[in-house]
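Student: One line per chain: the protein sequences are A and B, in this order.
Counting along the first sequence from 1, when you hit position 30 you're at 30 in our numbering, and nothing is skipped either side.
Counting along the second sequence from 1, when you hit position 7 you're at 7 in our numbering, and nothing is skipped either side.
By construction, these hints were calculated from the structure, which means they are not laboratory data.
A hint or two may mislead.
Unchecked claim - Partial list, derived from the structure: chain B residues whose beta carbon lies under 7 Å from chain A: (1) I43; (2) F91; (3) F108.
Unchecked claim - Taking beta-carbon pairs under 10 Å as the criterion, some of the chain B residues facing chain A (in silico): (4) A2; (5) P8; (6) K51; (7) M60; (8) E105.
Unchecked claim - Pairs of lysine to any residue residues, derived as SDA-like cross-links and limited to a Cα-Cα distance of at most 20 Å, are as follows: (9) B:K54 / A:I98; (10) A:K3 / B:L84; (11) B:K44 / A:I98.
Backbone N, C-alpha and C fix where the C-beta goes; we use that ideal spot for every residue, glycine too.
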Amino acid sequence: LAKTTQPISMDSYEGQEVNITCSHNNIATNDYITWYQQFPSQGPRFIIQGYKTKVTNEVASLFIPADRKSSTLSLPRVSLSDTAVYYCLVGLSGGSYIPTFGRGTSLIVHP
Amino acid sequence: EAGVTQFPSHSVIEKGQTVTLRCDPISGHDNLYWYRRVMGKEIKFLLHFVKESKQDESGMPNNRFLAERTGGTYSTLKVQPAELEDSGVYFCASSLIPSGRGRHEQFFGPGTRLTVL
């Protein structure tokens with residue numbers, strides 16, 4: 001499975017746009033890119049998934065360049081409640097996909 | 001609709017004892033997954049059930065861990081005997097379709113924090 005690399009931590013302020021970039025140089029042709037969010041004492045929560053170009057939902061946008069070796073999760077106008085750990089996952093192979101969670105990016109939103 | 005639930009939320013046991021964790025997936029979700037995060041480490045996959053069958057148990061650390069899903073509904077994860085290194089948070093997740101086909105959104109429970117003294 002493709003290995004992902006993301007920043008360990010990021011800081012932001014309320015109302016700002018936050019972009020978290022994930023590198024996945026060994027992404028395979030059939031791999032999708034998925035982002036999860038995790039709050040303390042909770043399980044991860046699916047945010048968004050994409051294969052190429054741009055995907056947008058009510059929570060975030062996901063930008064994927066043509067070579068798909070990286071992806072950027074964009075959170076518009078963050079609030080204090082967006083403080084969490086964000087995980088980038090890559091992989092979608094055959095029958096049994098085993099999600100591989102890296103260390104994730106710890107985002108802290110300040111007032 | 002109820003989400004994935006796990007019981008207990010916390011468990012503190014002594015080394016050598018047995019502990020059984022329970023997971024109730026979202027109703028209708030045939031796919032059930034167990035993960036764990038040991039202190040300071042990453043979330044690691046343990047195994048995957050499709051209904052009552054074990055689809056993939058490559059992540060199970062050793063034979064002290066036994067997972068079951070009788071009837072294809074709730075699942076249990078038993079650790080016997082527990083060791084100090086088993087301490088961590090155990091997550092359960094479920095999905096309607098198996099990850100690997102289309103959108104692979106998994107719904108996670110809140111986890112069970114296991115402490116082995």
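Student: Please go over all the hints and tell whether each is borne out by the structure.
Tutor: Do the hints match the structure? See the list:
1. A cut of 7 Å between beta carbons decides the hint on I43 of chain B: the least distance to chain A is about 4 Å, and the hint holds.
2. Interface hint status for F91 of chain B: upheld, as the beta-carbon distance to the closest one in chain A is roughly 5 Å, under 7 Å.
3. Contact between F108 of chain B and chain A, as hinted, is supported at the beta carbon level, the nearest pair being about 3 Å apart and thus within 7 Å.
4. A least Cβ separation of about 14 Å between A2 of chain B and chain A goes past the 10 Å threshold, and the interface hint is therefore violated.
5. A least Cβ separation of about 14 Å between P8 of chain B and chain A goes past the 10 Å threshold, and the interface hint is therefore violated.
6. This hint is violated: K51 of chain B has a C-beta 14 Å from the nearest C-beta of chain A, more than the 10 Å allowed.
7. At a threshold of 10 Å, the smallest CB-CB gap from M60 of chain B to chain A is about 12 Å, leaving the interface hint violated.
8. The closest approach between the C-beta of E105 of chain B and any C-beta of chain A is roughly 4 Å, which is under the 10 Å cut-off, so the hint is satisfied.
9. Using a Cα cut-off of 20 Å, the hinted pair K54 of chain B and I98 of chain A holds, with the two alpha carbons roughly 13 Å apart.
10. Annotation: proposed proximity of K3 of chain A to L84 of chain B is violated, straight-line Cα distance about 29 Å (limit 20 Å).
11. A threshold of 20 Å between alpha carbons decides the hint, and for K44 of chain B with I98 of chain A the separation of about 9 Å falls inside it, so the pair holds.
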